[in-house]
Structures are given as C-alpha cells and as structure tokens.
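Spelled out, the chains give:
2 protein chains.
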Amino acid sequence: VVSARVFEDAGFPAVVTSSAALSVSLGYPDGETIQKEELFAAVRRIAGRLNVPLSADIESGFGATIPELVDTVRRVIEAGAVGVNIEDIANYEKNTLYSLEAQVERLHAVRKASDSLGIQLVINARSDAYRYSAGDEEARFQEVIQRERAYEDAGADCLYPMGLTDKKRIASFVKSVTKPVNVMARKGIPTIAELESIGVRRLSLGPGPIYATTALLRKIAQELREKGSYETMLTGAITFDELNALARPITQ
Amino acid sequence: VVSARVFEDAGFPAVVTSSAALSVSLGYPDGETIQKEELFAAVRRIAGRLNVPLSADIESGFGATIPELVDTVRRVIEAGAVGVNIEDIANYEKNTLYSLEAQVERLHAVRKASDSLGIQLVINARSDAYRYSAGDEEARFQEVIQRERAYEDAGADCLYPMGLTDKKRIASFVKSVTKPVNVMARKGIPTIAELESIGVRRLSLGPGPIYATTALLRKIAQELREKGSYETMLTGAITFDELNALARPITQ
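Just so you know, the protein sequences line up as chains D and Y, in that order.
The first sequence begins at 1 in the numbering used here and counts up one residue at a time.
The second sequence begins at 1 in the numbering used here and counts up one residue at a time.
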C-alpha cells in the first residue's frame, strides 16, 4: 500500500503491482509460489486505498488450465484490479514458455472472461521469448515479435517484451507491432524521453523500487551493527504523520 | 517479511514488528485501526520466515476488556510471536492513558495468559506517560518512572519509556528500575555505545526503517517525474536473486 500510494501521490496516473515485490514482501519467492488467496487479498488492500486505477501482475495466471486462469482473472477483478500483466512462462523452475498457440488461447480466454464481467480489462501481454526461447539473440528477438503480434491479435491491449534494453531493439520492436509497447526500467534502459521518442507508451518499474529500498534497509542495519549509529535511517526520512497519511480507509 | 529478514541476516538476534510500519504497509493508520485478523496473519507470515525470535507490537492489546486483550495475546502467540510490545494508551484519538492500576491489571492478565499457554513470553511494557500524562516535563518523567516500576512488579520483562531521548533522562530512568530498559532510535538519541554505557539493554527502531524507505520511494518517483531517469532506483540496488532469497517457505 505504501509504495502504491507514494507513486499515486507523485502524480502517476495508474499503478501496477510487481509480482516479485508483492510476493517476497509476503514471504513467497517470485514465480507463482504465493498462495492465490494472499495475492487476491493484497490486490484488494492496494486497490481499496488508491484513487488511480490498479493493474495486477498475475504472472502466468496461476494455473495451466483455462478455468484456473479465468478464475485468477475473475478474482483479481473482484479484488479491484482493472488491468493485468500476464506472461507466457509455463514453468518458473525451468523457464519454459507456453507455445504461441497455447498463449493465444489463454489471452482469448482472459479477454472473453473480462468482457463477460463487463470490464474493459487492460491486458498487458508480456512475453519472455526474448529471454527464454531457443536460438541466438536475433532468433529470440524475432520470436518475441512473432509472439507479441499474435498476442495483440488475441486481444491484448499492451505488449510487454521482457528483457529488451537496447534502444535500437526497442525501436524496432515498436515498429513491428500496432498496440502500445511497455518496457521495464532497468540497468541500460534509455531514459523516459528517449523511450518516448521511439514510441514506447508504458514503463514498468518492476521490482526496481523494492531492490532499492531493500538495499537501503541493509545499509541501515550495517550502520547499526558497525557504527552503532542511525544516520542512514534518519537522514531525509519522512515523519509519522506523513507515513500515516499513506493509509486510507478502503473505498470499495 | 523483507525487512525482518534483512535485519536477521545482518546478525540481529531478534526482530520486533513496528505497529506503524506493519499497519500502514497493509493500508491502516497506526493506532489499532488494523483488522485483528490482518495483524495475526502478518505476524504469522513474518514469524514463519525467520530463524530468530519474533516479538509482536500489539499496541495496547486491541480491546479495553481483559478478555479481548488476552485473546490478542493468545492469537499472536499462536501466530508465532514469543514476545509482545504492549503500551498503556487507552484511546489513540485522544492520546489518553489507562490508569496505572488498570494497566497493571492488564499486564498481570497478559503474564497469566502466556504462562497458561506454557510460553515464557517476553513482555515489553511500554508507557507513553512521558508524552501524554499531565504536568510539566519533570512531572511526566516522574509519572513514567512510577508507572514502569509498577509494570515491572506486574510481570513485565522489559520497560519501554516512550519519548525519552535525553541521555541524562535515560540514565536516570535506568537507575530507577530493575528490569532491562528499551529505548527507541530517533532523532537526538545517543549512539548505541552511549546507550550501552548508561545501561540501556534494548533498542527499538520503531518505524524508522519505513520512514527511510518511504523517503527513498519518494525520491525515486520524483526523479522519474522530473528527469525521466532511474539513477536513484538503480544505484546500489540489490538483485532479483538477492530479493528472492529473503523469501522462505513457512517453517511452522
């Protein structure tokens, strides 16, 4: 809730959960190990405290079958999400992908399920083909283009080719598809201005914020252990009233 | 879970929840507004992932009656806590205190309840008398001494006079009681070495870590909005594998 509210207060028009940040903060490793009920409860907590729309990262949908996937989508919508990030990883231990055909069928099912609930769900179709498909870098780049083209035909609203950081590659990808493109802010990624200039429409921070705050917690702990002082913790910190103001009664 | 595991990994021998940090991160303002079930679930999540002992901040016990207080204590013990922070605030909107006699009765009840469960519960008896009782600074200092003396007689294992920051005041307080004394790290507090030299045995960070990490989140958001860059987020950040390693299957 705190991080979502901070980004809302900073003027961002929407918030998306990070699966890694949400899962690990609740004690589960990333990769669909979180109990589904805990995921839905967390989405409900966050959605209920935001004024801006919330999208939920549902990894690959928590279930290999279409009914399981549809149940996950229905439950996050009921919890207050109006969008999902959904990826094409079939097995998080082996980093294998659903076939293009299987993922197209899954995206069709998500679109159909949300339509039947009367929700214009924003489907952000992530593909990990650039990271995990077979072949050299060029082959994997072609694979992610082929997949994301199929995903937009299947009803995705936004395309999220995970792992692209090179400006030319990103620009080439944007030109190869028609729907808005999402990239993740990570080391080596162009600035927002550069991304805008090549047509990128959406930027994800992913677990970037929790990587940074956890590093800060480590520094705080280290200073306490080594120096017995609190400078890292106290310098620039917000106040009790500022923290409390980030909590808000559930609005739904 | 993440912050608890970071402090465990840094070598601290025990972890305590902060009511403000835990509540606000779940969307509730501090001051017993969190749903009790959500508090117990959070304690269970954290206790289940730690190897070191966990103590739970239960504010004033979530209930003006002894049975309500005892239920809270029983439930946090069942959730895996082996200690509690319990304070003497009767009303969080008005910042009024339980009478000394009432709080003594409440501490007796906590000790009796934990004994009947076969747990050597570490009762950290916080008093807010230095902040919220009547009179001038000297009168409030005498009041917190009087109260904490009564609380140690009532079975408290540790005494936590909230609001003391001055080294002489803290030293004087330590000499006025027999049980170990806990103070909170905040602006103006002596270093750990100085606190040790005057006999302080336990240091709480309170919501200090979340004040710091929330400030960092704000800086990350601000840089994104103003500069369109990610330096604050990426500099010194931990990795995906390091984050994931902080999650752990429930051990209980």
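Any given hint might turn out to be false.
Just so you know, same-sequence chains aren't split out, so a pair can sit in one copy or run between any two.
The calculated EDC-like cross-link candidates involving lysine to aspartate or glutamate, where the alpha carbons are at most 16 Å apart (straight line), are [to be verified]: (1) Lys112 - Asp166; (2) Lys175 - Glu152; (3) Lys36 - Glu68; (4) Lys219 - Asp9; (5) Lys168 - Glu196; (6) Lys187 - Glu231; (7) Lys168 - Glu101; (8) Lys227 - Glu196; (9) Lys168 - Asp241; (10) Lys187 - Glu32; (11) Lys227 - Glu138; (12) Lys112 - Glu152; (13) Lys36 - Glu223; (14) Lys227 - Glu137; (15) Lys179 - Glu231; (16) Lys112 - Glu196; (17) Lys179 - Glu78; (18) Lys36 - Glu231; (19) Lys227 - Glu194.
Hint data in this document are derived by calculation from the structure and do not stem from the laboratory.
Verification of the supplied hints:
no.	hint	result
1	Lys112 - Asp166	neither (35 Å within a copy, 64 Å between copies)
2	Lys175 - Glu152	within (14 Å within a copy, 72 Å between copies)
3	Lys36 - Glu68	within (11 Å within a copy, 31 Å between copies)
4	Lys219 - Asp9	between (26 Å within a copy, 12 Å between copies)
5	Lys168 - Glu196	within (13 Å within a copy, 58 Å between copies)
6	Lys187 - Glu231	between (28 Å within a copy, 9 Å between copies)
7	Lys168 - Glu101	neither (28 Å within a copy, 73 Å between copies)
8	Lys227 - Glu196	between (45 Å within a copy, 13 Å between copies)
9	Lys168 - Asp241	neither (46 Å within a copy, 28 Å between copies)
10	Lys187 - Glu32	neither (25 Å within a copy, 41 Å between copies)
11	Lys227 - Glu138	neither (51 Å within a copy, 32 Å between copies)
12	Lys112 - Glu152	within (14 Å within a copy, 64 Å between copies)
13	Lys36 - Glu223	neither (37 Å within a copy, 34 Å between copies)
14	Lys227 - Glu137	neither (47 Å within a copy, 31 Å between copies)
15	Lys179 - Glu231	neither (47 Å within a copy, 29 Å between copies)
16	Lys112 - Glu196	neither (31 Å within a copy, 64 Å between copies)
17	Lys179 - Glu78	neither (26 Å within a copy, 51 Å between copies)
18	Lys36 - Glu231	neither (39 Å within a copy, 34 Å between copies)
19	Lys227 - Glu194	between (42 Å within a copy, 12 Å between copies)
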